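With the hints as your guide, set chains B, C and D onto chain A.
Number of protein chains: 4
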Amino acid sequence: MTERTPAHPSAYDVLASPYRLLVKCPDGPGIVAAVTGFLFEFGANIINANQHSTDPRDGSFFLRLEFSLDRPLTRDEFAAGFQPAVAERFDMQWTLTDGRPKRLALLVSKYDHCLVDLLWRCQVGSLNAVVPVVVSNHADLEPRAAMFGVPFVHLPVSNANRTEQENALHDLMLEQRIDAIVLARYMQVLSPTFVSRWPNLIINIHHSFLPAFSGASPYAAAFRRGVKIVGATAHYVTNDLDEGPIIEQEVVRVTHADSVADLTRLGRDVERQTLARAVEFHLADRIVVMGNTTLIL
Amino acid sequence: MTERTPAHPSAYDVLASPYRLLVKCPDGPGIVAAVTGFLFEFGANIINANQHSTDPRDGSFFLRLEFSLDRPLTRDEFAAGFQPAVAERFDMQWTLTDGRPKRLALLVSKYDHCLVDLLWRCQVGSLNAVVPVVVSNHADLEPRAAMFGVPFVHLPVSNANRTEQENALHDLMLEQRIDAIVLARYMQVLSPTFVSRWPNLIINIHHSFLPAFSGASPYAAAFRRGVKIVGATAHYVTNDLDEGPIIEQEVVRVTHADSVADLTRLGRDVERQTLARAVEFHLADRIVVMGNTTLIL
Amino acid sequence: MTERTPAHPSAYDVLASPYRLLVKCPDGPGIVAAVTGFLFEFGANIINANQHSTDPRDGSFFLRLEFSLDRPLTRDEFAAGFQPAVAERFDMQWTLTDGRPKRLALLVSKYDHCLVDLLWRCQVGSLNAVVPVVVSNHADLEPRAAMFGVPFVHLPVSNANRTEQENALHDLMLEQRIDAIVLARYMQVLSPTFVSRWPNLIINIHHSFLPAFSGASPYAAAFRRGVKIVGATAHYVTNDLDEGPIIEQEVVRVTHADSVADLTRLGRDVERQTLARAVEFHLADRIVVMGNTTLIL
Amino acid sequence: MTERTPAHPSAYDVLASPYRLLVKCPDGPGIVAAVTGFLFEFGANIINANQHSTDPRDGSFFLRLEFSLDRPLTRDEFAAGFQPAVAERFDMQWTLTDGRPKRLALLVSKYDHCLVDLLWRCQVGSLNAVVPVVVSNHADLEPRAAMFGVPFVHLPVSNANRTEQENALHDLMLEQRIDAIVLARYMQVLSPTFVSRWPNLIINIHHSFLPAFSGASPYAAAFRRGVKIVGATAHYVTNDLDEGPIIEQEVVRVTHADSVADLTRLGRDVERQTLARAVEFHLADRIVVMGNTTLIL
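Chains A, B, C and D, in that order, are what the protein sequence lines are.
Position 76 of the first sequence, counting from 1, maps to 372 under my numbering, and the rest follow consecutively.
Position 266 of the second sequence, counting from 1, maps to 562 under my numbering, and the rest follow consecutively.
Position 19 of the third sequence, counting from 1, maps to 315 under my numbering, and the rest follow consecutively.
Position 13 of the fourth sequence, counting from 1, maps to 309 under my numbering, and the rest follow consecutively.
Pulled out of the complex, with its shape left as it was, chain A reads as follows (with noise of 0.2 Å):
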């Protein structure tokens, strides 16, 4: 549901047209006639819906609608008419977000691809974003955010000084009115607190097909074992390293002919495109965790 942790203070703003409601709640009947008969009554018109069920023994249910509304609308006022009528009667979890572009922070290490890509979609308006602040433990890429004017913070990590910096990491998202946090190739493991303070917020992007090539040097390991096709996979960060819920993966065929250096510049491509496509989903909280795993609705 990308719930939001009273921390982002965005969460209380007045929304615009064209809103869009996430619901879950346990199957059964009449749930979209309730949801979409309110909102008929509301003086809303739904643009566009869709609604995964799972397994009749689970018994979950899901939906996603885009709805326009001739007025702004806070998320209090919603719930007000929402929470006693639909809500409470199908025990339903429920976010309402809107369209306006959610603010990026892009934390990397030395590799530019993902960062320039992200920079250059953000501000041609390919992706709803925009990014306020790019963040890393090292200064190389200093330059690259500087030709898309973007501030860029330079927090070295060490052993010694790692909680301080994550404090401090935390302290500037939460300055920036940060919505999501993207690791465009970030080296660094972020500690179960920092990531407990942003939950299904962290998207990362792994350079291999997960499973497939957990941990350090997928590339390497790929070639070894002599695969065909080599991939990468974006997924919301959690405790357990690249075990995060997937929310995209892409992959490159490759052959025999190929070095390691070759699947390093292939997969490049195929790691920009992965990401751009999860934050683009992202974006558009078109994403449901469930369990360990997500739905795109």
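Derived from the structure by calculation, the hints contain no laboratory data.
Hints are supplied without guarantee of correctness; some may be wrong.
Calculated from the model, a selection of chain C residues having no Cβ within reach of chain D, i.e. all distances over 12 Å [what the hints assert, rightly or not]: (1) SER405; (2) GLU462; (3) SER487; (4) ALA517; (5) ARG521; (6) ARG582.
With a straight-line Cα cutoff of 35 Å, these simulated DSBU-like cross-link-like pairs (lysine-lysine) come out [unchecked claim]: (7) LYS406/C <-> LYS406/B; (8) LYS406/A <-> LYS406/D; (9) LYS320/C <-> LYS320/D; (10) LYS320/B <-> LYS320/A.
Each pair of labels, with its calculated beta carbon distance range [unchecked claim]: (11) ALA464/B <-> PHE338/A: 55 to 63 Å; (12) ASP309/C <-> ASP351/D: 27 to 35 Å; (13) GLU384/A <-> ALA312/B: 32 to 40 Å; (14) ASN344/B <-> GLN484/C: 37 to 45 Å; (15) MET483/A <-> ALA375/C: 48 to 56 Å; (16) PHE444/A <-> ALA312/B: 53 to 61 Å; (17) ASP366/C <-> GLU373/D: 36 to 44 Å; (18) ALA375/A <-> ASN344/B: 22 to 30 Å; (19) ALA435/A <-> ASP351/D: 53 to 61 Å; (20) SER492/B <-> ALA375/A: 49 to 57 Å; (21) SER510/A <-> VAL548/D: 25 to 33 Å; (22) GLN389/A <-> VAL485/B: 53 to 61 Å; (23) SER492/B <-> ALA512/D: 29 to 37 Å.
All values derive from a computational prediction rather than experimental measurement.
Each residue gets a CB set at the ideal place from its N, CA and C atoms; glycine is no exception.
For chains B, C and D alone, coordinates are given in the frame of chain A:
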């Protein structure tokens, strides 16, 4: 809407749960609420819903719903409630179908790859259909039909007997209560009269990535043009050759080292895959024809 | 090099043009000149050449040449000239084969999709092979073999009779002068003894994108992990289960809406395609095994 | 053969190892032996070889060889030996190049996706080229060139000044010692005079899967036709618009839910990928033009 002419008697069958409701109407507020509200009152449980609204300027709304109900149903019974309560209010066209296997006729000439694939898929249940008859203008593939225990009807076509043989074909289709006709590399052009009797009920596979290389010998044309990818296109048959609504397309990469024979061989795998997927969409009542295009809901 | 043990009598056959020469040796200057110079003097015309040099630090050189010659040839005749003039000078391992159809044994259990596909491809000539026998530990697929007129041998395997049945299988392979064994979804593990008698001559299809989801029930495991792409892997069988040299892989995109049954159904198409391509490479003598990887020349 | 007119001064440079030799001649026995034998005597070590023979009826032979040598080389030096010993004997056309970065001019109009991608790839070394100049008929993309520190030349084109501006462009290309011109979404048609001066040295990206949707507004045309896949095509520019030899193509799947704007957005990723690969092949001297098609050796 894959509508049927009265010629198809199964249109009046008693249907069995789960049901499929396809709806088309001018766009506007309250449609989903009205349809799902009606179904809830009717005692139905929605399994699946897909909708599409065209560009606001056209303003068409399309909906496919799967629902379960604890009783059998005729179209007339459903219409008695749905027509006055919902359909008339929103100026809807709609069809109700169910998930029982459809009856497919396969028309072939001399190439067997699509035929063998479809017969196998129907036999093992990967396509939800039965094949009561294979029809061909040549005798060559009779053994292939026999392998799967399917009757084979040889209807040789010449310029002299074309009308007569098409009438025989039409009668055979009715007699066998055929729901849809699949041209599985059938090398004859069907007449406008025949096509008009089976609107959006005849699926053809063309061995190119349309609109490129329409007409005869597309692999030879693709070879001469030096393309790096070849493809196949499954579409509904209309009276404009290779111009009907496209249902599905697939491609495969080729190189300068591939001869016309290689393209033909590689293309066979793409053709059978593309045709099987298009037939699967049709069997699932997922296809809506809009102008000369399809929606896959 | 797909080398044969003396057990395979066809190794001493008289070969027919066009010929295929596979060469492996330490890398160094002059190899291509020496080989092609020899062939020119020999009266051969090179149709096709592919080479691969490993990283300079390993320093291995691999070459596959197709050549035509206006006369039949035995390996001994070719060796009489090639061995002293070229092979010894460069410390080469080499094999000479030709383009006549190979004899494949297909081993199956209960799933028929790979079996039907391979039998059809061999029958229509899209794979350059004949299938003298289908072997299974179950009787279920006897009708499928019969459809294509291929003898079916039922060799049920239990813990008690495993060794005995494998010996029977080996004898059957020799008796039928089998060139390669294809495990077309054969659900039994072959013993080290058997595998060692057929080195790089047994091709298996595993229904996952290895190294992900090795072992049993890969589609269920893929579903649980929530991957967005599933795949299949064809590899030579070694004594490490699912760890042999990978020949070919292919993938297909899936979504959260796909159940384990859907993955299984979608995967079937990928499995049969992947296995067919791997078999095609093997039949064309295009595969060189290097360590635990393959070159496709 | 990507041959150069004398206008391109770098054709007379001293080359550096590793070298690339491209050969074209009538097919016949002994060619590979003669070329590789010569190179062996010359002291060269072959790194890589790719050949292609056309259908026996045409009888053309093509070869690309990479070789290393412990000394620099001019074309004249190489020709002094190779021409009489090998080339004349087999009636060869040949070119010798090396692996130093080529000098690319990028021509653009208003879309920046291909430009940014190519500039980034050249800057990080994923494309083996330098870009001395970006040229445009509009001023819009000057900031993009500036981001990468590349000079931008604004050459506005009108019907009145077309010839004059093309002459200025040609002079600029010579002055900058440009090796190849990339039309990275350049919306002007170049004159036959200009094109004839840069034969197989101008690469264009067309935003459709040619030969489908040639001409203007291909995404709108693809949307109207209802195709399920859109693509992009990189080709050498000839005087037949969108009809030059195809170098590379790529596609992406779309659905009925994608608007023209969506196709355009999805297509951008395909365009930049396709163009980058085509440029990579050109930079590696891997492309041979044969009639109106290309070989990628």
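Task: Ascending list of hint numbers which this structure does not respect - done: Failing hints: none at all.
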